[in-house]
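*Asks:* Here are the chains, one letter per residue:
There are 2 protein chains.
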Amino acid sequence: MYKATVNVTLRKSILDPQGKAAHHALQNLGMKEIDSVRIGKLIEMDIDAENKERAHEIAENACAQLLANEVMEDYNVTIHENSE
Amino acid sequence: MYKATVNVTLRKSILDPQGKAAHHALQNLGMKEIDSVRIGKLIEMDIDAENKERAHEIAENACAQLLANEVMEDYNVTIHENSE
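For the protein sequence lines, the chains are A and B, in the order given. Each residue of the first sequence is one higher than the one before, starting from -14 at the first, in this note's numbering. Each residue of the second sequence is one higher than the one before, starting from -14 at the first, in this note's numbering.
Looking at chain A on its own, in the form it has when it is part of the complex:
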């Protein structure tokens, strides 16, 4: 059993209204040192695969087919051995 961690982030050229709103709220709370905020998704999956390469392939597939929108988002997949 492997654990896949996928970071999905909006591409740099895409406006991030959720991040903008958080940034604005943080400014209002007095945190002027924060210059920009961008919010993406962190997806954790348990994958039952024979080896790490196969687990990576399954996770990539899941991203391409469903989890990420490749037009607007970048993603990267990391696979760990599941210690639990």
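Source of the hints: derived by calculation from the structure; they are not laboratory data. Given the structure is predicted, the values throughout are model-derived calculations rather than measurements. Zero decoy hints are in this set.
Put simply, identical chains are the same to the list, so a pair is met inside one copy or across any two.
Taking lysine to any residue and the SDA-like style, the derived pairs with C-alpha atoms no more than 20 angstroms apart in a straight line are:
1) K26 / T(-10)
2) K5 / Q50
3) K(-12) / N67
4) K26 / M57
5) K26 / A6
6) K(-12) / A7
7) K5 / D33
8) K26 / L51
9) K26 / N61
10) K5 / V(-7)
11) K17 / A34
12) K26 / I(-1)
Based on these hints, arrange chain B on the given structure of chain A.
*Replies:* For chain B alone, coordinates are given in the frame of chain A:
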């Protein structure tokens, strides 16, 4: 200038309907090897601080005050030097 990366994940005991829906959709796409999906947030901030410790403190503050809901969510903060 430092870059803070914050992973916000739902606590294990909290039901994750978004993850459940993604898991179900992946099963329907034939990806039976995926056993569970949980979806959290990935927040990236640019922080203007004199040192790494101060940047960490600011990011922790932002999480505690606004970005994470400590009742339902766990978060962890990583600070990198901003290379850009």
